[in-house]
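Build the full structure now, drawing on both the sequences and the hints.
2 protein chains.
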Amino acid sequence: MEKVRLSVGEVRELAEAVLARHGLSPDHVKAVAETVIAGERDECASHGVYRLLVCVHTIQAGKVALDAEPAIIDLAPSLVRADARGGFAQLAFNRAKPLLVEKARRTGIAALAVNNCVHFAALWPEVEEVTREGLVALAFTPSHAWVAPAGGTRPLLGTNPIAFGWPRPGSNPFVFDFATSAVARGEIELHRREGRPIPEGWGVDAEGNATTDAEAAMAGAMLTFGGHKGSALSLMVELIAGPLIGDMTSTESLAADAGAKASPLGGELILAIDPKGFLGALAADHLERAERLFEAMAAQGARLPSQRRYEARARSLAEGVCVPAKLIQDINALLD
Amino acid sequence: MEKVRLSVGEVRELAEAVLARHGLSPDHVKAVAETVIAGERDECASHGVYRLLVCVHTIQAGKVALDAEPAIIDLAPSLVRADARGGFAQLAFNRAKPLLVEKARRTGIAALAVNNCVHFAALWPEVEEVTREGLVALAFTPSHAWVAPAGGTRPLLGTNPIAFGWPRPGSNPFVFDFATSAVARGEIELHRREGRPIPEGWGVDAEGNATTDAEAAMAGAMLTFGGHKGSALSLMVELIAGPLIGDMTSTESLAADAGAKASPLGGELILAIDPKGFLGALAADHLERAERLFEAMAAQGARLPSQRRYEARARSLAEGVCVPAKLIQDINALLD
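Top line first, the protein sequences correspond to chains A and B. First residue of the first sequence: 1, per my numbering; consecutive thereafter. First residue of the second sequence: 1, per my numbering; consecutive thereafter.
The hints are simulated quantities; they were obtained by calculation from the structure and are not laboratory data. Certain hints may be false.
Unchecked claim - Capping the alpha-carbon separation at 20 Å, the derived lysine to aspartate or glutamate pairs in DMTMM-like fashion look like this:
no.	chain 1	residue 1	chain 2	residue 2
1	B	276	B	288
2	A	276	B	74
3	B	97	B	27
4	B	276	A	83
5	A	276	B	133
6	B	276	A	189
7	A	261	A	288
8	A	30	A	13
9	A	3	A	330
10	A	30	A	69
11	B	97	B	133
12	A	3	A	257
As the structure is a computational prediction, the values presented were derived from the model and not from experiment.
Rendered as structure tokens:
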């Protein structure tokens, strides 16, 4: 496949130009571009510049408020609500983050609900930002109902990612972010675009039968990772980032989409915990003890989930990123 | 296998007699017996009366403070610490629960760290108790370092369970509780006791090779569920229920055990979230919306994680429980 090399700065220019061209307000352009750049820079192909296509499609479908001004609501001593008012989630998160951090530091643990947002990004950029404040972070979001529960055959759950971040003094944070589906939907979509079969265990067709056809799986149902345990976690995400925060389930999001194939609508739940709340002056000692765990993993050849991304990040910042030429062509067409 | 039928009342008498006979103070007897009874009643064989053997072994190894009086510390507006002072975890949890619930109601979300405890029970009884207060609950605990991380070959992580509870008005709560290892260690131990081989994927031998021999897996390393995703979750549990609360990792717990093969030492983290904090007067409406999810699962034949346990509970309360005669014989021997 022919590839094009771009510097991270060129990725930024491209992303910002596309988003501005399609009517996003300047604050939204900046916030949304940041996650697209981060995805491409860290070599998460399914969350990089490819998402510009998804993003523009969602805009063109009329599913996103282009200049929504998020409302930040102080709900309780440890709860914040960011009402995105129909805009993309990123700006609402950015605006609410300072209050989330302040509350976590004051009360020990705090939760942020981002409501009424359009969501298309990975969760790790948000989790990573919270860890940069010295806090432990967890994030959850439903998506569209594309995934069958364990023991079922029809879509009910979203890909429902879970992200976690742990601050590491003097080092990049330990972060993971994974779909509770066997793979991210973007992975299946990339296989479909490239005409490649998907491995078994990723999905079933519209009749509930196992399939290796990407198109058939997208028309049928995806499967969760880890059998009934992954399915239970996915249902948890539906509940705590859906009804618990007064926002849509994946089924409701897909219904609201009404066939437009736009990005999921709904909410996101982010938890922040201050290690100093439990540990006081001993926090540094105990965080240092956590480093023994990371070292012991490395010593037996096990890779930390975020390690590959940070290596990609360093490489991208030094050498730029490689994007399929066909994808760049598709993105450039959005500038016409 | 010959079985003996006992009423739940008889299970209680047996459990309390064994625990008292081995020197636990009356408050600890009551608290510990409660979880053993709950496990047997709900047909969780590996967490039922079988655990009395584990419990007594831990007592005889001198690893538990028999009459420890837990200290409850109000750390921050949303944080509670229960210092179990070397006793079993149950009493410390019971004593701290009211403050956890009060804080969650006042601030929206709260966390309880149970520290310096001996832990041998499932997490679902605690999670279920929190949901009985109308709160959403999450619980985590490390164990002993028995499990290899994804990509590794040697024990580093514990079986590190995650439990979640969701209150359902007028119904038993939705609860799950699973080890992030492929199975609970108690399952492998039951296979070993019964001389049965274990399925592939449960563990590796001391050289890091796949094995179906229960004894070899217990001497080698268990594996996580769900590959690198399960491994990431297990590491999260190590971090948030270990260093974050100033307590032991699974590796430290196993080192402190020093070959005694007693129950894990260390801590437990329990989160409680009040739906009313996010939803106010609309909480009932949104909890009702969650019921649509449970109904949709049932409609496609998918079983809720807690459903089998509640069915077992109803059966046990009506008809009593069936325990292997050999196990009852072993437990009765503890009364001599």
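Here is what the structure says about each hint:
| no. | hint | result |
| --- | --- | --- |
| 1 | B:276 with B:288 | 13 Å, holds |
| 2 | A:276 with B:74 | 14 Å, holds |
| 3 | B:97 with B:27 | 15 Å, holds |
| 4 | B:276 with A:83 | 17 Å, holds |
| 5 | A:276 with B:133 | 28 Å, violated |
| 6 | B:276 with A:189 | 39 Å, violated |
| 7 | A:261 with A:288 | 46 Å, violated |
| 8 | A:30 with A:13 | 10 Å, holds |
| 9 | A:3 with A:330 | 13 Å, holds |
| 10 | A:30 with A:69 | 14 Å, holds |
| 11 | B:97 with B:133 | 10 Å, holds |
| 12 | A:3 with A:257 | 34 Å, violated |
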